[in-house]
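Student: Below, each chain spelled out in residue letters.
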Amino acid sequence: MNEITTTRHNPFIDPTLQVWNWEIPVYLFLGGMVAGMMIISGYFLFKGRHKEENCSCYYLPYISFVLLSVGMLALFLDLEHKLYVWRLYTTFQITSAMSWGSWILVLVYPILFVNILLRPPKMLTDKFPIVIEWQKVLLEKTSWIKNIGVLTMFFGAGIGLYTGVLLSSLGARPLWSSSILWMLFLISGLSGAAAFVHVIAKDAYERVLLAKADNAFLIIELFVIALFIIGLKTATEVQASAADLLLVGKFASSFWVFVIGLGIIIPLFIQLLAVNHKINHTPLAPLMVIIGGLILRFVIVSAGQYSHWFALN
Amino acid sequence: MVIDTTKCVGCQDCVIACQAENNVPQGFCRDWITTEAKGKFPTIEMEIRSERCNHCTDAPCISCCPTGASHYHDVGGVVLVNHDECIGCKACIASCPYDARYVHPEGYVDKCTFCIHRVEKGQDPACVSVCPTHCMHFGDLDDPNSKVSKLLQSRRNHSLLPEAGTKPNIFYLT
Ligand code: SF4
Ligand code: SF4
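Taken in order, these protein sequences are the chains called A and B. Those letters in the first sequence? Residues -11 to 301, per our numbering, in order. Those letters in the second sequence? Residues 7 to 180, per our numbering, in order.
Hints were generated in silico from the structure; no laboratory data involved. All residues carry an ideal CB built from backbone N, CA and C; glycine is no exception. Just to be clear, a hint being listed does not mean it is correct.
[Said to hold, decoys possible] Once the Cα atoms are required to be at most 20 Å apart in a straight line, the calculated DMTMM-like pairs of lysine to aspartate or glutamate come out as:
no. : chain 1 : residue 1 : chain 2 : residue 2
1   : B       : Lys173    : B       : Asp148
2   : B       : Lys44     : A       : Asp191
3   : B       : Lys13     : B       : Glu53
4   : B       : Lys44     : A       : Glu225
5   : A       : Lys70     : B       : Asp116
[What the hints assert, rightly or not] Label pairs and their in silico Cβ distance ranges:
no. : chain 1 : residue 1 : chain 2 : residue 2 : range
6   : A       : Phe0      : B       : Cys17     : 24 to 32 Å
7   : A       : Val138    : B       : Asn163    : 51 to 59 Å
8   : A       : Ile207    : B       : Thr180    : 47 to 55 Å
9   : B       : Ile122    : A       : Pro108    : 53 to 61 Å
10  : A       : Phe211    : B       : Cys17     : 54 to 62 Å
11  : A       : Ile(-8)   : B       : Gly128    : 32 to 40 Å
12  : B       : Ile122    : A       : Phe64     : 25 to 33 Å
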């Protein structure tokens, strides 16, 4: 036997760590959605689809702007020392994923703004007529638009992988000690964003394209989850027991039912039928994908905090 | 720091001394007593340990801190948190394999400081100085002639979770 008892009783630390509640999973989820939307919209710009009247690259930057701001608000709400938040921006700590993330998030806003300039809102052009001049310059230069597309995709991918690196850099939690967590969050962000754009796209071509892309993303996501689990199971004993939290332990029901079943396999099945013209497209499947992505973040954040090095004993 | 587990009786004097010395808010603790029983009946071994932040040499709580609030002090590499720089993001709490940190009710993250305010005056940390069995020893592990180094050379000892790779600086004599 090996039995450990402790007199420590710190709130939110004991008996199991629970310092991050809903705010962090929501922030990671919204970060992932924005990442996916920026990649999709950047890709459309790169492909020159801005010439289409109804291209989603014209409204995705607005939605990304709102979601990113809500995500940052959630992150802010999580801080315990809120008045000191500006401290993030008086320094750059090269070894801290959170420091990288805070700076990337700040750089993303100007990029979204440049995207918005391609079709600026009336409110802005009424107040600042010069914006129309900028828009003209931009629209005349195809190579610039391609470059903006690449930059948007690049920073979108940056946010997406950062949301995973943030957790995997915290080696004390065995569930997060995986070098492919970033890939999981990035692909899940892409599948959520593709599902979302599929529902709201005004352009019929984009709707079908994104349903097909979403199916591909969901299949890749299944593979990445399998690799994530296999990676943990074949690593150290603490990591293997962390994987068991998802497979058979405390978090197994939410993992299997909501993340894998309702969040990936069933919507994938419905969407495969839809793209093969067996049934009509329905917003149900995309909705399931999006909610599944949110629950994935909740499960990983909670189970990660629960997993511990002392599980070895 | 070196702690002799064969002398510790788990009286918690160190815990109370720390709370009083450092004004630790009620319901929180910077140090605590862990009892570990292992083996198979009838050869069960028990170890009583006074635990706290290990002031790790490769401290993950410092490398993950986005503001630089968590830092190594100039004297002896003691790991400290600058309250005025801490935003309370709790990354350091999640990064510590020993769960040695907590959120102070005033919003910043707090933990053992090795009583640096006492050490700088040449005194021992409060926990070390009150221990009725004198089981704790504080000193410079880099100096091969210090009492702590000599204890480690002459006695069997272990640290906690060395496999987590943080190079903890508290050693337990067995
Ligand atoms: S014990 Fe935890 S808080 Fe203390 S230095 Fe090591 S990692 Fe940091
Ligand atoms: S909670 Fe404070 S000390 Fe800890 S990582 Fe965040 S800013 Fe640094």
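Student: Hint by hint, note whether the structure agrees.
Tutor: Here's how the hints hold up against the structure:
| no. | hint | in the structure |
| --- | --- | --- |
| 1 | B:Lys173 to B:Asp148 | 14 Å, holds |
| 2 | B:Lys44 to A:Asp191 | 67 Å, violated |
| 3 | B:Lys13 to B:Glu53 | 10 Å, holds |
| 4 | B:Lys44 to A:Glu225 | 19 Å, holds |
| 5 | A:Lys70 to B:Asp116 | 16 Å, holds |
| 6 | A:Phe0 to B:Cys17: 24 to 32 Å | 27 Å, holds |
| 7 | A:Val138 to B:Asn163: 51 to 59 Å | 57 Å, holds |
| 8 | A:Ile207 to B:Thr180: 47 to 55 Å | 53 Å, holds |
| 9 | B:Ile122 to A:Pro108: 53 to 61 Å | 55 Å, holds |
| 10 | A:Phe211 to B:Cys17: 54 to 62 Å | 55 Å, holds |
| 11 | A:Ile(-8) to B:Gly128: 32 to 40 Å | 36 Å, holds |
| 12 | B:Ile122 to A:Phe64: 25 to 33 Å | 31 Å, holds |
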